[in-house]
Amino acid sequence: MNQTEAFHERIDEALHNDQMRRNFRSALSGIQAKREQQFPDDAQLQALREQARAVRANALVKQPELLEQLEAKLTENGIRVHWAENPEQANQIIADILDAATAKTVVKGKSMVSEETGLNTYLEQRGIEVVESDLGEFIIQLAEEPPSHIVAPAIHKNRQEVAQLFHRFYPDLPYTEDINQLTETARQILRDKFAHADAGISGVNFAVAETGTLCLVENEGNGRLSTTAPRVHIAITGIEKVVEKLSDVPPLLEILTKSATGQPITTYFNMISRPRQAGELDGPQAVHLVLLDNGRTRIKVDEQLLDTLRCIRCGTCINYCPVYVQLGGHAYGTVYPGPIGIALEPQRLGIDQVGSLTSACTLCGACGQVCPVEIPLPKLINRLRAEAVNAGREASPLIGRGALRNKTEATSWKLWRLVYANAFVYRLFALAATRLRWLTPKKLGGWTRYRSAPKPAKRTLNELARQKGFRSE
Amino acid sequence: MSSNNENPPEAAPQRIYFFATCLIDLLYPNAGLAGMQLLRRAGVDVVLPEAQTCCGQPAFNSGYRQEALSVARAQLRCFPNDYPVVVPSGSCAGMIKHHWPELFAGERDEQQALRIARNTYELTEYLVDIVGIELTDLGRPTKVAIHTSCSARREMGVADRIERLVGQLSAVDVVEQERKAECCGFGGTFAVKQADVSGAMVKDKTAALKATGADIVVSQDVGCLMNIGGALDHQGDDTKAQHIAEFLWDRTS
Ligand code: SF4
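Protein sequence lines, in the order shown, are assigned to chains A and B. Take 1 as the starting number for the first sequence in the numbering used here and just add one per residue. Take 1 as the starting number for the second sequence in the numbering used here and just add one per residue.
Okay, chain A solo, but in the shape it has when bound:
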């Protein structure tokens, strides 16, 4: 099965899962309403977006220096820095750290980058127990599923489904669909894990070069526990998350939390700057940061693709995507779903691998309108579509260019050009279409599964306008 067929198969499955689609509709409508409450004033929102965009853009321009500075600062603070070119290296580095610390159990905070590397599977295969401590992640770990959304990984499940899942794994506990009760259950289970884990793994929201500070945004306190309770803390992040100064963080944090979940501020904001010091009672004895490239440097050379790296992983584009709400995250088959996934994954993995994703977009522009750092997502998706069907002569860092070109499609666009690039041919075509309108097919593939077929008019506008005395000059 090629990627396009496989994608369609996953889409088909999603479209037939009515319960899941209802879950998405209700969850996303709720998040949208909450976000909109946070931004009552358009001008203020626009000013904040502009500020956030500028901070991120600046960080990308200065990235090489900032990464050097970050490494120097972190090292000075006693945090070990590791560089990973690709997922395998990142996993290997983390496994080595765990081995050296004879760590057998790990609690994790939420990290999409660790999904990029497939870290959990890798560690489990090496006999290490990994427990996701974010409630959403905990749920999907039980369900053995990947996240369906980058901020709300278990968004596809409703309360009943979560209750049943808990009941299956913890049959001794009384069955409940009460959210607070379920949360309490997870808390009880995790409490023991926090107390006994040898190491904690987390992601990073912003890494501040100026001070060597790792910032971590979260709501449940699990991030704080995962990074302080165990002896060793390993943070993993993409290299693009570095920002220049501490003063860059507040606007980003504000627009991140307001955009992502509609919260004015999250419950917890952790700033990690060093391991436990002599005389301190808690905190890990060792802190490591793994900086992952995984294609980021490659796409960074392209002035347009570079914009993708401004992303702060807030998930807003996903929340507003009219295609995502129909399909959910799993249909995309990639780590990042929705608009940011469509833009990022073909850059990261290659058009020949996941270029078909670009078809799952109406170019409605909703994502670009809400993205807090003004990433021109529709423009990027359109560009990827062009490179998917045409290898082109210009230089491009994209892998697998032209991989989706197919003869039938290319031929029909050539025919289209033949008709529409020549007014005379088009007039003949229009004449035939209107005069022979009874020949118009009643069935037009997928179109007429859901809609009536359009039919040419008796006379074209061109003809009607002449009759009414309009000039053609």
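Misleading hints may appear alongside valid ones.
[Claimed, not checked] Derived DSSO-like pairs (lysine-lysine); straight-line CA-CA distance at most 27 Å:
id, chain 1, residue 1, chain 2, residue 2
1, A, K455, B, K193
2, A, K455, A, K442
3, B, K240, B, K210
4, A, K443, B, K210
5, A, K62, A, K245
6, B, K240, A, K468
7, B, K143, B, K210
8, B, K193, A, K414
9, A, K34, B, K180
10, B, K143, A, K414
11, A, K442, B, K143
12, B, K193, A, K407
13, A, K458, A, K468
14, B, K193, B, K203
15, A, K442, B, K210
16, A, K34, B, K240
17, A, K443, B, K193
18, B, K180, A, K379
19, B, K193, A, K379
20, B, K240, A, K458
21, A, K407, A, K443
22, B, K240, A, K443
23, A, K62, A, K73
24, A, K442, B, K240
25, A, K455, A, K414
26, A, K455, B, K240
27, A, K442, B, K180
28, A, K455, B, K203
29, A, K443, B, K203
30, B, K180, B, K193
[To be verified] Covered, in the sense of this in silico footprint (three residues per stretch, anywhere, with C-beta under 8 Å from a C-beta of chain B), are these stretches of chain A:
id, segment
31, 413-420
32, 430-443
These aren't lab readings, by the way, just hints derived from the structure by calculation. The C-beta atom is built at its ideal place from N, Cα and C for all residues, glycine as well.
Guided by the hints, dock chain B with the ligand onto chain A, whose structure is given.
Relative to chain A, chain B with the ligand alone:
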């Protein structure tokens, strides 16, 4: 008031080019004609260049940029003079205004394309902002739902013009559907390439529209209308889908 007006308000340009779009020319000519008649009645001299075919958008949005460029280029000679170009479609206006500059970048006729792009208006935008049209409603009371196309809303930023026009009609009751800003699922070739997703989207859109009890859905884009109207018809619903120009002309003439 002084009769010696030194700064007269800028008069509406006397002459415009009407770029009808391929869908309107072939499938919905009455929408185009209505737009031209609205303009003419307001004193604008409307020219419909005969050589026009398509703005190139279908190919551009499908990644076939060379083909899009050839077709877009063929339109340049339709607009030799510096008149405004008025387009009865948000997405085609958006294509010319915002994507031609990218499409023609570095091409020999880039300057010409840029000149036209700068001079392009969506029809309701032109009627409201430049013509300042005043409408007298002659129609019977009716309930109308407005569907603003994504490109009119986001690319062109003119979503409110259609509301202002309909707002001038005394016997029209505007009803609002749920998730008004959500795409109807047309997306040009998206409706073909992702037929089932598009079908699911238009099903949600028509359900929201039907729930309003509107008699008519109006829009600035016949692409959306072909999708929404086609779906309503397929579902056996008699809610009508009509281009805003045709709706306005019908009620005021
Ligand atoms: S692309 Fe923009 S909206 Fe989407 S996750 Fe990234 S920052 Fe958020």
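Here's how the hints hold up against the structure:
1. A C-alpha spacing of about 20 Å is found between A/K455 and B/K193, which places the hinted pair at or below 27 Å, so the restraint holds.
2. Between the alpha carbons of A/K455 and A/K442 the distance comes to roughly 9 Å, so the proposed pair stays at or under 27 Å and holds.
3. Between B/K240 and B/K210 the CA atoms are separated by roughly 11 Å; this keeps the pair inside 27 Å, and the hint holds.
4. Using a Cα cut-off of 27 Å, the hinted pair A/K443 and B/K210 holds, with the two alpha carbons roughly 25 Å apart.
5. A hinted pair counts as satisfied when its Cα atoms are at most 27 Å apart, and A/K62 with A/K245 qualifies at roughly 12 Å.
6. At most 27 Å may separate the alpha-carbon atoms for a hinted pair to count; B/K240 and A/K468 meet this at roughly 26 Å.
7. Distance check on the hinted pair: B/K143 and B/K210 sit about 12 Å apart at the alpha-carbon level, within 27 Å; holds.
8. Taking the CA atoms of B/K193 and A/K414, the gap is near 18 Å; set against the 27 Å cutoff, the hint holds.
9. Simply put, A/K34 and B/K180 have alpha-carbon atoms about 17 Å apart, close enough for the 27 Å limit, and the pair holds.
10. Under the criterion of a C-alpha separation no larger than 27 Å, the hint pairing B/K143 with A/K414 is inconsistent with the structure, at around 44 Å.
11. Taking the CA atoms of A/K442 and B/K143, the gap is near 31 Å; set against the 27 Å cutoff, the hint is violated.
12. Restraint check: the Cα-Cα separation between B/K193 and A/K407 comes to about 15 Å, which is no more than 27 Å; the hinted pair holds.
13. Of the pairs offered as hints, the one joining A/K458 and A/K468 holds, with about 16 Å between alpha carbons and a cut-off of 27 Å not exceeded.
14. For the proposed pair B/K193 and B/K203, the alpha carbon gap of about 17 Å is at most 27 Å, so the pair holds.
15. For the given pair, A/K442 sits about 25 Å from B/K210 by alpha-carbon distance, which is consistent with the 27 Å threshold.
16. Distance check on the hinted pair: A/K34 and B/K240 sit about 34 Å apart at the alpha-carbon level, beyond 27 Å; violated.
17. With a CA separation close to 16 Å, the supplied pair A/K443 and B/K193 stays within the 27 Å bound.
18. The hinted pair formed by B/K180 and A/K379 meets the criterion: a straight-line CA distance of about 23 Å does not exceed 27 Å.
19. Taken as a hint, the B/K193 and A/K379 pair is honoured in the structure, with Cα atoms around 19 Å apart against an allowance of 27 Å.
20. Of the pairs offered as hints, the one joining B/K240 and A/K458 holds, with about 20 Å between alpha carbons and a cut-off of 27 Å not exceeded.
21. Between the alpha carbons of A/K407 and A/K443 the distance comes to roughly 23 Å, so the proposed pair stays at or under 27 Å and holds.
22. Proposed proximity of B/K240 and A/K443 is supported: the alpha carbons are some 22 Å apart, at most 27 Å.
23. Between A/K62 and A/K73 the CA atoms are separated by roughly 16 Å; this keeps the pair inside 27 Å, and the hint holds.
24. This hinted pair checks out: A/K442 and B/K240 have alpha carbons roughly 20 Å apart, not beyond 27 Å.
25. With a C-alpha separation of about 23 Å, the suggested pairing of A/K455 with A/K414 holds against the 27 Å cut-off.
26. With a C-alpha separation of about 16 Å, the suggested pair A/K455 and B/K240 falls inside the 27 Å cut-off, and the hint holds.
27. Among the hinted pairs, A/K442 with B/K180 is inconsistent with the structure: their alpha-carbon atoms are about 30 Å apart, more than 27 Å.
28. Distance hint between A/K455 and B/K203 is fulfilled; the C-alpha atoms sit about 21 Å from each other, no more than 27 Å.
29. For the suggested pair A/K443 and B/K203, the alpha carbons sit about 19 Å apart, so the restraint of at most 27 Å is met.
30. Between B/K180 and B/K193, the direct Cα distance comes to roughly 24 Å. Compliance with the 27 Å bound is thereby established for this hinted pair.
31. For the segment 413-420 of chain A, the stated coverage by chain B holds: 6 residues have a C-beta nearer than 8 Å to a C-beta of that chain, and at least 3 were required.
32. Proximity of the segment 430-443 of chain A to chain B, defined as three or more residues with a beta carbon under 8 Å from a beta carbon of that chain, is established by the 3 residues found.
Of the hints listed earlier, those the structure fails to meet are numbers 10, 11, 16 and 27, in rising order.
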